[in-house]
Amino acid sequence: MLKQLFILLVFPGFLFLLTSGLLAEFIDRRLYARLQNRQGPPWFQPLADFIKLLGKEDIVPQEADTTVFRLMPLVALSATVAAFFYIPLWGTEAMFSFNGDIIVVLYLLMLPTLCFFLGGWYSRSVFSSIGAVRVLTQLFAYEVPLFICILASSLLANTWSLSGMAAFYSKHPGYWLFNLIGFGIAFISLLGKLEKVPFDIPEAETEIVAGSFTEYSGRLLAFFRLTIDIELIVGTSLLAAVFLPFGFGVGPYIGFVIYILKVLLLVALVSLSRTIFARLRIDQMINLCWKYLAPLAFLQVLLNLIAKGVMVK
Amino acid sequence: MGKLTHIVNWARIKSPWVLHFNTGACNACDIEIIAALTPRYDLERFGVQLKGTPRHADILLCSGPVTRQVECRLKMIYEQMPEPKFVVAVGTCACSGGVFDGCYNVKSGINAAIPVSAYIPGCPASPKAIIDGVVKLLQSLEAEEEKKEK
Chain A
1 MLKQLFILLV FPGFLFLLTS GLLAEFIDRR LYARLQNRQG PPWFQPLADF IKLLGKEDIV
61 PQEADTTVFR LMPLVALSAT VAAFFYIPLW GTEAMFSFNG DIIVVLYLLM LPTLCFFLGG
121 WYSRSVFSSI GAVRVLTQLF AYEVPLFICI LASSLLANTW SLSGMAAFYS KHPGYWLFNL
181 IGFGIAFISL LGKLEKVPFD IPEAETEIVA GSFTEYSGRL LAFFRLTIDI ELIVGTSLLA
241 AVFLPFGFGV GPYIGFVIYI LKVLLLVALV SLSRTIFARL RIDQMINLCW KYLAPLAFLQ
301 VLLNLIAKGV MVK
Chain B
1 MGKLTHIVNW ARIKSPWVLH FNTGACNACD IEIIAALTPR YDLERFGVQL KGTPRHADIL
61 LCSGPVTRQV ECRLKMIYEQ MPEPKFVVAV GTCACSGGVF DGCYNVKSGI NAAIPVSAYI
121 PGCPASPKAI IDGVVKLLQS LEAEEEKKEK
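Going down the list, the protein sequences come from chains A and B. Just so we're aligned: 299 in this note's numbering is position 299 of the first sequence, and the numbers increase by one with no gaps anywhere. Just so we're aligned: 20 in this note's numbering is position 20 of the second sequence, and the numbers increase by one with no gaps anywhere.
Be careful, since some hints might not be right.
[What the hints assert, rightly or not] Think about it this way: if two alpha-carbon atoms lie no more than 27 Å apart in a straight line, the pair counts; the simulated BS3-like pairs of lysine-lysine are:
hint, chain 1, residue 1, chain 2, residue 2
1, B, Lys51, A, Lys196
2, B, Lys85, B, Lys128
3, B, Lys107, B, Lys85
4, A, Lys196, B, Lys14
5, B, Lys14, B, Lys107
These are computed hints drawn from the structure, not numbers from a lab.
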């Protein structure tokens, strides 16, 4: 009981996610600044932002639905933290796993996006309504290629659990090379999920102020920002577990270092794409996802079916 | 409780998010404010970020004299900001009304409409002066906090 509470709250639960999420935001912002040839924020910047927002007044607009408005940041945060427990990190076993946990993780990672939508929609302000609609439109574009890619790689492993997949790919080294197309597509979809440039269409501060977060302030905004930071860690951990499944069988310490390196690599790729791309329009984003990413994802499924027929007996 | 307020105050000083509002300026001060936020001066070193919405902002940067048309909008934006909030008047017109003081359509400086915490004179105020003004405002907050502790 005590051990489980420790897992949930301290390591690798909430406290670990809080620190690693804030650190990931710092690395992202610092790298972004260095790539733009400037100094960038000090290491404590995300923590200072978080504490400051916690200490500020939180205003609920008169028009807004108070319950939904106040509840959404907490639901988003807890869904993201819950998804983390089913992802294998530095061993092939996740903290909790059962056959079918891929569906649960994908569902839990979709919840924050839905919360952004509901929070924005029930703010009843023009900017946040437009932002909320864009959040949902974007969701329908990137979610399908992401699901197909992750399911394609589970097809090869012939299992519905992430831990089973990690076990399969560490038993058959080199098989993850089949999923390289899927890795690219899933990474692009992850940028959409995290609302990072070039897919920061729902936030787009130069067009619609701050999108669905326009009316949020103080503590509620702090929880939303923390959710995005933790989503960065959870999303990159998921991609690392599914598409970069090596270094699982080397013991907890070296495995932990390899896990951190994988996450760092993906975070660096996120901030690199943030620097070199400009924002797409929402119709361009939908075109990209449905015309190119979804057919490529189906190609990945085909590839894995053939590979399964030929190689795995 | 003393320790907790100390930490919150530290965070407040380290992470000032600004909102920029033109209350009727000739656009010169606005250009200088934008220049101060470019990578050249890199205000993110001090944790300064430009925000689009008053709900996220801690500091309201106002430029220009308050015209009669903008007065109620300025007050509305000020009231939309969550506490604690600070107002910085950028440029001579924002400080006192400048050459526009006494015009039929102008209501003097920013402090005629809302309380102001820091004044940055200049026509236009240079980016260095703006950064200096914001840093001085943060330092005065720090000093105030130290005084409270004693």
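Hint check: lysine 14 (chain B) vs lysine 107 (chain B), CA-CA at most 27 Å. Holds or violated? At roughly 34 Å apart (the allowed maximum being 27 Å), lysine 107 (chain B) and lysine 14 (chain B) break the hint.
Next pair to validate is lysine 196 (chain A) with lysine 14 (chain B); report whether the Cα-Cα distance is within 27 Å. 25 Å, holds
Taken at face value, is the distance from the CA of lysine 196 (chain A) to the CA of lysine 51 (chain B) at most 27 Å? 17 Å, holds
Can you confirm whether the C-alpha distance between lysine 107 (chain B) and lysine 85 (chain B) stays at or below 27 Å? This hinted pair holds, its Cα atoms lying about 23 Å apart.
So if I understand the rule, the pair passes when the alpha-carbon distance is 27 Å or less; does lysine 85 (chain B) with lysine 128 (chain B) pass? OK: lysine 85 (chain B) and lysine 128 (chain B) at ~23 Å, within 27 Å.
Checked against the numbered hints listed earlier, the structure breaks hint 5 alone; every other hint is satisfied.
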